[in-house]
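Taken in sequence, the protein lines are chains A and B.
Here my numbering is used: the first residue of the first sequence is 5, the next is one more, and so on.
Here my numbering is used: the first residue of the second sequence is -7, the next is one more, and so on.
Warning: the hint list may mix true and false statements.
Claimed, not checked - Cut-off 25 Å, straight-line C-alpha distance, at most; resulting in silico cross-link-like pairs (SDA-like, lysine to any residue):
| # | chain 1 | residue 1 | chain 2 | residue 2 |
| --- | --- | --- | --- | --- |
| 1 | B | Lys74 | A | Gly18 |
| 2 | A | Lys141 | B | Leu118 |
| 3 | A | Lys123 | B | Glu144 |
| 4 | A | Lys141 | B | Leu73 |
| 5 | B | Lys248 | A | Gly224 |
| 6 | A | Lys141 | B | Gln140 |
| 7 | A | Lys13 | A | Gly27 |
| 8 | A | Lys123 | B | Ala41 |
| 9 | A | Lys13 | B | Asn15 |
| 10 | B | Lys74 | A | Thr234 |
| 11 | B | Lys84 | A | Pro37 |
| 12 | A | Lys141 | B | Ala143 |
| 13 | A | Lys13 | B | Glu18 |
| 14 | A | Lys123 | B | Lys84 |
| 15 | B | Lys74 | A | Arg221 |
| 16 | B | Lys74 | A | Ser223 |
| 17 | B | Lys74 | A | Val124 |
| 18 | B | Lys74 | A | Gln20 |
| 19 | A | Lys141 | B | Glu120 |
| 20 | A | Lys123 | B | Glu75 |
| 21 | A | Lys123 | B | Phe16 |
| 22 | A | Lys141 | B | Thr99 |
| 23 | A | Lys141 | B | Asp119 |
| 24 | B | Lys84 | A | Gly224 |
| 25 | B | Lys74 | A | Phe34 |
| 26 | B | Lys74 | A | Thr252 |
| 27 | B | Lys248 | A | Ser223 |
| 28 | B | Lys124 | A | Met131 |
| 29 | A | Lys141 | B | Leu109 |
| 30 | B | Lys84 | A | Asp137 |
| 31 | A | Lys13 | B | Leu118 |
| 32 | B | Lys74 | A | Tyr23 |
In case anyone wonders, no lab produced these hints; they're calculated from the structure.
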Amino acid sequence: MEGLLDFLKPPVAGLQDFYILSGRALRNLFRGPHYADDIFIQMDAIGVGSLWIVILTGFFSGVVITMQMSRALAQYGATGQVGQIVAITLVRELGPVLTALLVAGRNASGIASELGSMKVTEQIDAMRALGTDPIQKLVTPRMIATCVMLPLLTIVADFVGLLGGYVIAYFSIGLPSSQYWTNAYQALQYNDIVQGLLKPFVFAFIISLVGCFYGLRTSGGTQGVGLATTKAVVVSSIWVFVVTSMLTRIFVNLN
Amino acid sequence: MTSAASNTAATESLLRFDTVSLNFDETVALDSVSFEMCAGETRVVLGAAGSGKTTLLKIAIGLIRPDSGRVYLFDQEITGLKEAQLFDIRSKVGVLFQEGGLFDSITIAENVAYPLLNSRTHAVPLDEVEPKVREALRFVELEQTMEQFPAELSGGMRRRVGIARAVVSEPPLVLYDSPTAGLDPITATTIMALIAKERDSQDIANLIVTQRYQDGQLMANFRYNRTSGHLEPASSNGGAAGHGSDPARTVFMVMKEGRVVFEGTQHELEASQDAYIQKFVPKYS
Chain A
5 MEGLLDFLKP PVAGLQDFYI LSGRALRNLF RGPHYADDIF IQMDAIGVGS
55 LWIVILTGFF SGVVITMQMS RALAQYGATG QVGQIVAITL VRELGPVLTA
105 LLVAGRNASG IASELGSMKV TEQIDAMRAL GTDPIQKLVT PRMIATCVML
155 PLLTIVADFV GLLGGYVIAY FSIGLPSSQY WTNAYQALQY NDIVQGLLKP
205 FVFAFIISLV GCFYGLRTSG GTQGVGLATT KAVVVSSIWV FVVTSMLTRI
255 FVNLN
Chain B
-7 MTSAASNTAA TESLLRFDTV SLNFDETVAL DSVSFEMCAG ETRVVLGAAG
43 SGKTTLLKIA IGLIRPDSGR VYLFDQEITG LKEAQLFDIR SKVGVLFQEG
93 GLFDSITIAE NVAYPLLNSR THAVPLDEVE PKVREALRFV ELEQTMEQFP
143 AELSGGMRRR VGIARAVVSE PPLVLYDSPT AGLDPITATT IMALIAKERD
193 SQDIANLIVT QRYQDGQLMA NFRYNRTSGH LEPASSNGGA AGHGSDPART
243 VFMVMKEGRV VFEGTQHELE ASQDAYIQKF VPKYS
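All chains, please: the whole structure from these sequences, using the hints.
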């Protein structure tokens, strides 16, 4: 019994710390001082910095879905419906999740290693000693920036993905442009757009806060920074999958 | 009479520990540590690595909370305060961290300006920031590095910038965490001379945590002469230059495994027969 308690204590305590950090980061939204400069720097790093890789990934996922699906649909003679499938898979699921995973890999790691290095070189302590709240100065700007940029990146990924699908549909399958685009456009309902934008918004909280959490918990020098970075990516990626399953379950039932 | 009067004025308590204890998991970091620091006092804390020196310093400004006991900073108990309330009190304390603790993503000038721009209580008008930063950097003789980044400077220079940042807002109390750790003897002496110079130009109270006895010895026996601009042996100006010149105002404290095992003057320290304490006092032939 005692052994079980000792086994369970660290994860529960960790989760509690995570909630405390998240609560403080959220509360700081309504409290001064606000560091606008830091928010813009982070928006640039997270949003603009991830743009190319998101475009590339989005494009090729559209290409791949179209190629795979056109073959499957050909059995039913429904190759013409491929636009619909690309639109629904991308907007509902793959756009948000792929973008979130890319940003988790790029930025949760970046955030964790940056904050982790600051932690081990006593910069976080120095910040507190000099009268600045590290959560206000470091965590909240990263959270705001991710929450603004991730939905935007997702929109870009969705659109570029549809474009990638179109390239295959038009040049390889030989569908007329209007058929592909009308089909894709009409497939999307209000519900799809809402979940397609709500998901990246929720993922943004997970990615930024998990990154900050492991960064600020770093201990044990350079090795600790590496460990924190790895944990941030792994944990935020897992939570992206868990949360997308839960949200999908809710939205599927709504219809 | 005058000395008695100045003594009463100087007994204003800056920092007081009352049976403070802290454990990190199973290891004892601090074991009922009690002491009191008064205005104008220099306190040198000696101890082996892991004896709780840095922990003591971090508890003093509320960066770490003790498990039990009370800490008073400027006669105000800080043990139960929330982080937000601590920010105001901390702005009256300068801190030099072990490796300088400089923010490596901003320039030297921005680092030194940080306490001025981010203090909630002593907001400094923007046009006064630049001259103050320049003055603080001139004090540590690094005025030319203003636009450089911390990574471009040597370890000793970073430490000097750290001192400039710690004292730029002219706090009445400055804490130094191992100011000379990892530096060569010559640079170490330069750093300690700067700290002594800062103390004697502003009558600042210092808490210096160090492994090097020479650091404390320099603080206890040398005074910065404002007129000549040099460090001089303390006896030569006969105690006429204010608080800093009274050798009794330098207190030594030795820590071992989280406990204070010695508190007293340099003379008492050198006379101690304790084997652990003697390790810190070099024997002169």
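Find the hints from earlier in the document that the structure breaks and name them by number, from lowest to highest.
10, 24, 26, 31
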